[in-house]
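S.K.: Let's have the full structure, built from the sequences with the hints guiding it.
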Amino acid sequence: MRLIVTGGGTGGHTYPALTAVRTLQNRLAAEGRALDVLWIGTAEGLEARVAPAEGIAFATVATGKIRRSANPLKMMSVANMRDMARVPLGVAQARKLVADFRPDVVLATGGYVAVPAGLAARMCRVPLVLHEQTVRLGLANRKLAGSATRIAESSESTVPLLPQEVRGAAVVTGNPIRPEVLAGHADKAVQALGLHGFDRRLPTVYVTGGAQGSQQINGVVRDALPWLLERANVIHQCGPDNVGELRQHAAALPAGSAGRYYLAGFVGPELPDVLALADIVVSRSGAGTLAELTALGKPAVFIPLASSAGNEQAHNARHLEEAGAAVALLGDVTADRLQHAVGPLLADPARREEMAQRARAHGRPDAADRLVDVILSAASG
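With the sequence shown counted from 1, adding 663 to any position gets you the numbering used here.
Watch out, some of these pointers could steer you wrong.
Unchecked claim - 20 Å max Cα-Cα, derived SDA-like pairs, lysine to any residue: (1) LYS851 with GLU933; (2) LYS759 with VAL713; (3) LYS806 with VAL750.
Honestly, the hints are just simulated from the structure, not real lab data.
Everything numeric in this text was worked out from a predicted model, so none of it was measured.
M.R.: See the structure below:
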């Protein structure tokens, strides 16, 4: 079988595609079949590192980024006009790649680079499967929806938001997550991180702002830390550049509570174990984070990234909050607001369990297999 994957720029578009490729490879290998994959991306995107590292053939095409604004005049900026002029070249490059590779199907997971390859699939009459990670269709997928054979959604809530004419192509698969995320062990986290000062009688809060950390989340948690440590153990993934400042602040913590605080610039292979240990997660609300936390059934307090494309993180957080599966803190977030959000969950295990069950109801740990089913169906016509 031959597959072209396109999408990337960020982890939210790249890692679901990679998980789908791995799952499809395993499915076909079990049947004694091989998978040839070509990933079409940009040289600057995360996919340019991820695909080659996984042994996946990689090719680049020209593309352009639309810098969005509520002001239509700002949408006509020189930078936008320059980037949009690159799209026809990218489509021509992608069309040649599709024609030469002759895939059975193209999988597009969003990001600006998906547009040239998705349009090329239509020109070459190759089945196109879109995958949308967020509650609302991203800009690239909106542009490609009319050309898609199937539109795989991460949430049932997305389907009514689709244009009427493409709803028939929609199927809800969920957002693929790495299988290792589901296989964590709490005791391994204690051993791997050396959490010897943790009190296992108390709940554990895992705080993360993503790989680079979040200044906003770091500041709020720093200010709330004495209060938090009276009630919980805290694992704080703060980003490599922020460790020094936060460690200096933590040095002033009382000896009795300092041992319950673990500060790390980055949490790597031990992340599944940390998630298994966590009773509550405080984080951004990107699509990948939501997929992992709901699959695991983790109560969460979300602090959305205000600058996310289309305000998608706020939409994601509200979606789960309305279902009772999380708490969303929007706007100006202070230590006091965080305490009011986390406090009832720390104090009431039954409340945590209820939120965990509601989160789990929105999780799809089998999303990768569901998406592979859609890809195979589209490829077979």
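S.K.: Does each hint fit the structure? Answer for all of them.
M.R.: A quick look at each hint next to the structure:
Between LYS851 and GLU933 the alpha-carbon distance is near 8 Å, which keeps this suggested pair within the 20 Å criterion. A C-alpha spacing of about 23 Å is found between LYS759 and VAL713, which places the hinted pair above 20 Å, so the restraint is violated. Taking the CA atoms of LYS806 and VAL750, the gap is about 13 Å. The hint holds against a cut of 20 Å.
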